[in-house]
Structure formats: structure tokens, C-alpha cells
Amino acid sequence: MIEIVETGPFNTVQDLGRQGYRDIGVSASGAMDPLAVRIGNLLVGNDEGAAAIEVQTFPFGLRFDRRTIFAVTGADGAPALDGVELLSWCAYTAEAGQVLELRHPPSLARAYVSVGGGLDVPAVMGSRSTSLRGGFGGNAGRPLVKGDRIALGDSADIVAVPASGLAVVEPVVALRDVFPDFVDGTLPVRALPGGEHALFPDDGDAFWSQTWKISSRSDRTGYRLSGEPIKPTTSIEMRSHGVVPGVIQVPPGGEPIVQMSDANTAGGYPKIAGVIECDLWRLGQARIGSRIRFVRSTHAEARAVEQAVARYVEDVRNTSAMVKRALRAMA
Amino acid sequence: MSAIDFSDPSTIALLADALTAAGVSGLEISRPGGQLRIVVAAGEETRIDVSVTARPDSRGVSPVVVRAPMAGHFCPGHLSGSAVSDSLPRPVSGSEVLGFVRIGPVLLPLNAGRPAVLTKRLAEPDALVGFGDPLFEIEPQS
Amino acid sequence: MIAILNSHGPLREIVPATRSLARVSSIGARAFLLEAPGEFDLAAQRRIWALSQTVRGWTDISEIVPGMTNLLAIFRETPEDPESVVARLLEAWDDARSIDLVGKTIEVPVHYGGEHAIDLPALCDLAGLGDREVVRIHHEATYRVFALGSAPGFGYLHGLDPRIYMPRKTVPSLKMAKGCVTIGGMQTGVAMLTGPNGWNSIGFAELQMFDPMSSTPAMMAPGDTVRFVPAWIEL
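Residue numbers (the numbering used here), protein chains in the order written: chain A, 1395 to 1725; chain B, -11 to 130; chain C, 690 to 924.
The set of hints was computed from the structure by calculation and includes no laboratory data.
Remember, predicted model here, so these are calculated numbers, not experimental data.
Please note that a few of the clues may not be correct.
[Stated by the list, open to error] Simulated pairs of lysine to aspartate or glutamate, DMTMM-like, Cα-Cα distance not exceeding 20 Å:
hint, chain 1, residue 1, chain 2, residue 2
1, C, 864, A, 1613
2, C, 858, A, 1597
3, C, 858, A, 1649
4, C, 858, C, 814
5, A, 1625, A, 1597
6, A, 1607, A, 1622
7, C, 867, C, 923
8, B, 108, B, 125
9, A, 1607, A, 1578
[As the list claims (entries may be wrong)] Now the in silico label distances, taken between C-beta atoms and shown as ranges:
hint, chain 1, residue 1, chain 2, residue 2, range
10, A, 1708, C, 831, 47 to 57 Å
11, B, 116, C, 904, 48 to 58 Å
12, C, 770, A, 1603, 49 to 59 Å
13, C, 784, A, 1716, 17 to 27 Å
Quick reminder that beta carbons are idealized off the backbone N, C-alpha and C, glycines included.
Please build the complete structure, drawing on both the sequences and the hints.
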């Protein structure tokens, strides 16, 4: 068991999402930074898709009621165990009664707590992700509140983590060759032109060339961007169609909306572009008020990034298992 | 003089297979001073040390050496910061990360384990270090 | 450096949509949307159903989402050759023969009028019809579930009488109740969640049509026939 001892609103149980039910209107949900969840789970010896806690409002605290291996990934900033600062992206062993605390990260948006054995909440339609809109999944279909107690699955990995921790080179460092850095404080987000791109004048220049701000009316469902409104040259009547997270729609007001993890399964606004899936975790870590700029990408580039991410995850999986085996043998 | 050509990948593969078949999951060879350590992991926590390195006396009086917990690349300081050029000696807490041993994307944090004064760095940044190699010298504070 | 590999060949952003050709566009790198040409009608949707059956069987498909005379195909990974994916989808569309899904018939008891029918007066004004007439036209029609989407279990129903078409609101109702029987453009449906909703409410249905814990969570499925049965008319 873990017990939530402190939390802000809208912190939820999430895994890699509820795939395969969009055709009955069920959003995928899942972590806004799925890469952080995958790595956190591998560090603590879980399958990469085990359920973790997504913390997007701080401070957050939980108490372990038994010896538990855990890792905090995603956001920057240091978590603390009984007041002792720890590394992010690092697995540690907590003793029964110890309290893990997450404070407001300096620049990123969301931290993930993975625990050995995963959070043992019931799977609903194949996933433990919380569907806030549907009111099911995760911890009783709702955000975590102080006093919530969540069961943990069984973990066999407990002996394998040294007292000083077992960490990874975090994605933003390990993958810096494929994820371009901030430019003057603006996050570059790669996207492909969408179905109605041609309806926007000058090859969509007003969209691609300006810096957008993530407005305060943004959440796990979508990011509303503020900036100079963009308008299609003609208005068209769209029929409702399936959408996926990353789709960038332009409602009549002209300020784009990027659908995120809790994206509706259907949409009908003109789509100027779609964020490539492997850049969504970076967008998921972008905070309200921060600035982004869209960079025109290609399928070839998206594929190359996707493969680089897959190689990194595979490398973490194999090497962390090997290191744990070796440490256990040498213990 | 052995006739085995150790530069031949197929020879290495053959040896690796033989060792694996014998249940060996780790092999450490260090120089100079000569250490060989073969690790046989038969079960969850079973091991046979064919030859063991001299371990640092963790309870001894100052100074104490922080050694590499396994083979890898030595990364002093914090990865994100470039503050490797810390002026030494300086006091450190027991949990403060002094550096890492990096194995591919995996990092093993190194700390003093107790309040101490960090007096020396004993390996070069990014050097390939072996199990038990000295990395830092510290003087524990009581 | 992959990050700066941004030279753009002439991307196939839009396959030219003529009156007779389907159009394929992408959403991100892994999802492709095929939109049928022509009218928004049952004939087009039957071909989308056929296309769905074909594409669902492709081994590189992760998920498909049939929409209103369109289909979103989500692939497991970004395809190496997006042009060939577009070609495959168009070919599958050309080969798709109209099928009629054998669905069940669902009767939905409706309380027409009353506190939830917040948009009924506006619809009467727009249609130039009396409220009894609007209600009669709505419940006398037979509807087909074209597709599900937007909310868990929500069925887009086709078959609305053109006399009671009503555009979606420009400013959505902020908290429309789950169960509201609504009209959005040329479609009708039953709200599955309480929340913001741009459709126009003319009544209310108690029937539970989604259960996340069931092995078949959604009551409606594409091809089903839906009839609204007036349980109570409160005007």
C-alpha cells in the first residue's frame, strides 16, 4: 500500500493509455509523458506499461507502508524521501513508513512516481489509466485525494537496487541528437501538415512562423494556444471524424487547440497540422504560460526519432536488467 | 604462449558461450595489481567469487576510498551540471551524489555513505574503471 | 543530426478531393484519415463499414476509428513510405463494396420536452413548426448508428428529417446532462456524459447505454437501428 498524504488537484493514476476503444468513443487517456512512465517502470523492474502516479500539481506526498522500490521520473527538480534529497530518474528503496515528497519542479510540468509491482488498481478496458471525463479507470475514476490508499502489485526486484540508487541518463540528455533544444526559451514541436492545411493562406505561414503561448485554459484534454489568430480562406463544413492526440485544430476563433492525452475521440474543426507522436511527451512537459513553436516535419524524420526512442528504451531495459543481475551477484 | 587469437570475435564468442554455459554471469579483469573476479550467479543471490579484490575497509579510520561498484565509465559530479571543477577538499553529506559509474544509459550514483570531507578525486572523467577501482578519497566525519 | 533534417519534399498533404475521389490526409505521423467523397448518406457509410472491415485486418494497424463517411487508420509505427499507405487506403476504398451491417434494434424511451429540452423552443422557431410537430417528426423516424465517438458509447445517428436539422451552437451549453436527446446539424444522438455540449436538447432518456466494466461496454454499435419511443411528452 501507499497512502497519499498530500496532493493538489488533478493528480491521477495513469499508464500508457487505453488503446483500442476509440471506435466506441473511449479516449485513450494515459500519461502526458509516456516516455517518463516507461523509463520509471523499467528502473523499478516493472513492465514498461505498469500504472504510475502522474503528478501535475504540487506539493505531493505519499507514505509507503512496506519496503518498496520506487523512482520519480519526468519533471526536473529533486524529490525527497523523509526530507533527504534524491535524484530524479533514479530507483531507490523506501522503508515502511517513509514519506516521499515532490515539490514544484523548476521548469517542467509533470512528474511520475513508479513503484515496484505497479499500482494495483483494476484494469478497465485493458488499462489502469484514469478517464476523468468518463469517470472510470485508475483510482475509482477520479483524481487522487489526501488519504487515498492504493495497493501495489508484487515486485521481485527489491534486492537489486543499491542503497545509493540506480539511475539512467534521462531522455532529454540521452536523446539530445534527435530532440532539438529550446530556442530562446521556446520549445520546438515537430508537426506534419494536416488535412485542411491547404485552406490556410501562404502555406500556413502564420501558423508555422509564430510563437504560440500555452494558455491557462489548457489541461490533459488539450492545450489552447494563444497568439495571433489564424483563419482559413474558406470555411468548410466538416463531418465528424476520428482524431488522435497531437491533432492541431483551428476553431472559429482562430487560436489553435492541440489535443492531448485525454483528447476526444472525434473532432470536426479544420486540422492545420498534427504533432508527431514522439514529440508529444515534450509537449506534455510544457507548462501553461510557456512558449512553443511548430516546426514542419516529415514522416521520415518522425520515423527516425521513433526508432531512436525505441533504441534508447531497449537499451535502458537491457542494461538496467544486466546491471541489476551483476549487482545482485556481487552483493 | 597460447595460440588462441583473442582478437578474433568468434573466439571471444566461443569463450563467452562457454562461460555462460558454466553459469558465469560476470567477469572482471583489472590491471595493474592483477585482479580476476568471476561471478557465478546460480540463483537469485548465490555467487561464487573465484578471486576477490581487496575491498576497502569501510569501517576504517580516515582516509576512506570510494570504489567503483562495477565496471563502467566514471562520471564525476552531476551530469547536468559542469561543476566538476569543485575545489577540494569540501564537506559532503552522506547522501550527496559525488559522481556516477555509467554503464550505457544506466548510472550508478556514488556517495560517501556518511558525512565526510571529500579530499581527492582518484580517476579521470570518463575513464573506463573496473570493479573496485578507487574513485574518490574521503575523510569521514563523526 | 536527425533534428535538422527538415528539408521538405512535396508532401502529400492532401489527395485532391474531387467529387468522385476519396481524400487521405495525415494526423501526426502514424494516423491517416480517409474521407469519402459525395453525400453524407447511408450508401457512403456502408462503404466505410466495408472499408473498416478490410483495414482492421491489416497487420500493421493499431486501431481504426470509423467516423461519419470517413475512417481514421492508426498504424503501429510511422510508415516508411507514407505514399504507399495513402495508395493502399485509396485502393481499399475503391475495392470497398457497400455492406449492410446486421445490427440490433434499440428502443430508447424519451421524455420529450420538460426541463432538459432547453433548445426545443429555438428549434421550433428555426423550423417554423409547433413543438408537437417537432417531437412527432423526431420520434417517427428510424435511425441508423453510423459511428460511435466523441464520448464513451455515444452513437452518431443518421436519419434525421431535414425539417428539424439544427446547426450546432456556436457557444456550447456548459453543463448539459447525460441523457439529453439532442440534434446537431443533420444528426441526432443521446448525450453520454454530463458536460459542455454544442448540440440542441429536445428531451431526455434514462436508458444506460455505456458500462465500462462490461465486456461490451457500448450498447450501440455501427449499423444498429435506433427508435425513439415517446415515454412522456411534456410541452
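- request: Given the hint that residue 1607/A pairs with residue 1622/A, test it: the Cα-Cα distance must not exceed 20 Å.
  value: 10 Å, holds
- prompt: Are the Cα atoms of residue 1625/A and residue 1597/A separated by 20 Å or less?
  reply: 12 Å, holds
query: Between residue 1708/A and residue 831/C, does the beta-carbon spacing fit 47 to 57 Å?
result: 54 Å, holds
message: Does residue 125/B sit within 20 Å of residue 108/B, going by the straight-line distance between their CA atoms?
response: 5 Å, holds
- request: Take a look at whether the Cβ-Cβ distance between residue 116/B and residue 904/C falls inside 48 to 58 Å.
  value: 56 Å, holds
query: Given the hinted pair residue 1607/A and residue 1578/A, is their alpha-carbon gap at most 20 Å?
result: 14 Å, holds
query: Given the proposed pairing of residue 864/C with residue 1613/A, does the C-alpha separation stay at or below 20 Å?
result: 18 Å, holds
- request: Go ahead and decide if the range 49 to 59 Å is satisfied by the Cβ distance of residue 770/C to residue 1603/A.
  value: At 30 Å between Cβs, range violated.
field: Given pair status - residue 814/C, residue 858/C, alpha carbons within 20 Å
entry: Between residue 858/C and residue 814/C the Cα gap is close to 15 Å, so the pair holds against 20 Å.
message: Assuming the hint says 17 to 27 Å, is it satisfied by the Cβ distance from residue 784/C to residue 1716/A or not?
response: 49 Å, violated
- prompt: Would the pair residue 858/C and residue 1649/A pass a check requiring their Cα atoms to be no farther apart than 20 Å?
  reply: Judged against 20 Å, a Cα distance of about 18 Å means the pair holds.
message: Next pair to validate is residue 858/C with residue 1597/A; report whether the Cα-Cα distance is within 20 Å.
response: 30 Å, violated
In terms of the numbered hints stated before, the structure departs from hints 2, 12 and 13, listed from lowest to highest.
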